[in-house]
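Number of protein chains: 2
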Amino acid sequence: MIQVDFEKGNGLVPAVVQDVHTGQVLMLAYMNEESLQKTIETKLATYWSRSRNELWVKGATSSHYQHVKEILIDCDNDTLLLKVEQDGAACHTGKYSCFYRTIEGEEIL
Amino acid sequence: MIQVDFEKGNGLVPAVVQDVHTGQVLMLAYMNEESLQKTIETKLATYWSRSRNELWVKGATSSHYQHVKEILIDCDNDTLLLKVEQDGAACHTGKYSCFYRTIEGEEIL
Numbered sequence: 328m329i330q331v332d333f334e335k336g337n338g339l340v341p342a343v344v345q346d347v348h349t350g351q352v353l354m355l356a357y358m359n360e361e362s363l364q365k366t367i368e369t370k371l372a373t374y375w376s377r378s379r380n381e382l383w384v385k386g387a388t389s390s391h392y393q394h395v396k397e398i399l400i401d402c403d404n405d406t407l408l409l410k411v412e413q414d415g416a417a418c419h420t421g422k423y424s425c426f427y428r429t430i431e432g433e434e435i436l
Numbered sequence: 328m329i330q331v332d333f334e335k336g337n338g339l340v341p342a343v344v345q346d347v348h349t350g351q352v353l354m355l356a357y358m359n360e361e362s363l364q365k366t367i368e369t370k371l372a373t374y375w376s377r378s379r380n381e382l383w384v385k386g387a388t389s390s391h392y393q394h395v396k397e398i399l400i401d402c403d404n405d406t407l408l409l410k411v412e413q414d415g416a417a418c419h420t421g422k423y424s425c426f427y428r429t430i431e432g433e434e435i436l
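Quick note, the sequences are listed as chains E and X, same order. Per my numbering: the first sequence = residues 328 to 436. Per my numbering: the second sequence = residues 328 to 436.
No wet-lab data here; the hints were simulated from the structure. Everything hinted at is true.
Since copy identity is lost for identical chains, a pair holds within one copy or between any two.
Simulated pairs of lysine-lysine, DSS-like, Cα-Cα distance not exceeding 27 Å:
#, residue 1, residue 2
1, 335, 422
2, 396, 365
3, 370, 396
Build out the structure end to end from the sequences listed, making use of the hints.
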């Protein structure tokens, strides 16, 4: 079993969330050990809300659940990649992805 | 101009790096304001190395540069998404992506 390195981030690791079908990156959230275990058990993406300081079942209030199909871990064990089927929209704004804006300077890139 | 929220992460924001052509997620790294400005200026992905505590031009030693084609920002301004053309491999192990392992439990997902 691969040990997830929760230490580096004070108990949290970032989780990149990607649409399993299109490859679109939907959002980034944070997981502690409990939320990762819950995600594996329920197959519904569950995060740690840094603003509310509580376990956060994505979709619990919005019904925009994320059905987790695969979880990968990076080479140094401190970042997760979730491939999900997204119900509705990932973003609280109603957009499908939280990444819907290019930053200033994109026109010169 | 969109203000990147560097405060929440003590001066750093996570940057998800994605292959611009295939959509594959390659790695996650961290940026401070200086590394983001350098990335925009040079169009070569430049991060802040948390282990070495210094600016890190990806590819400076390995020649595995990342040519940045687009930078997006998420809804709450604290995470970046870089779409890049990757020279060689993103991972220091020689793998193309740092996410080459599924975690324990993947067989039940």
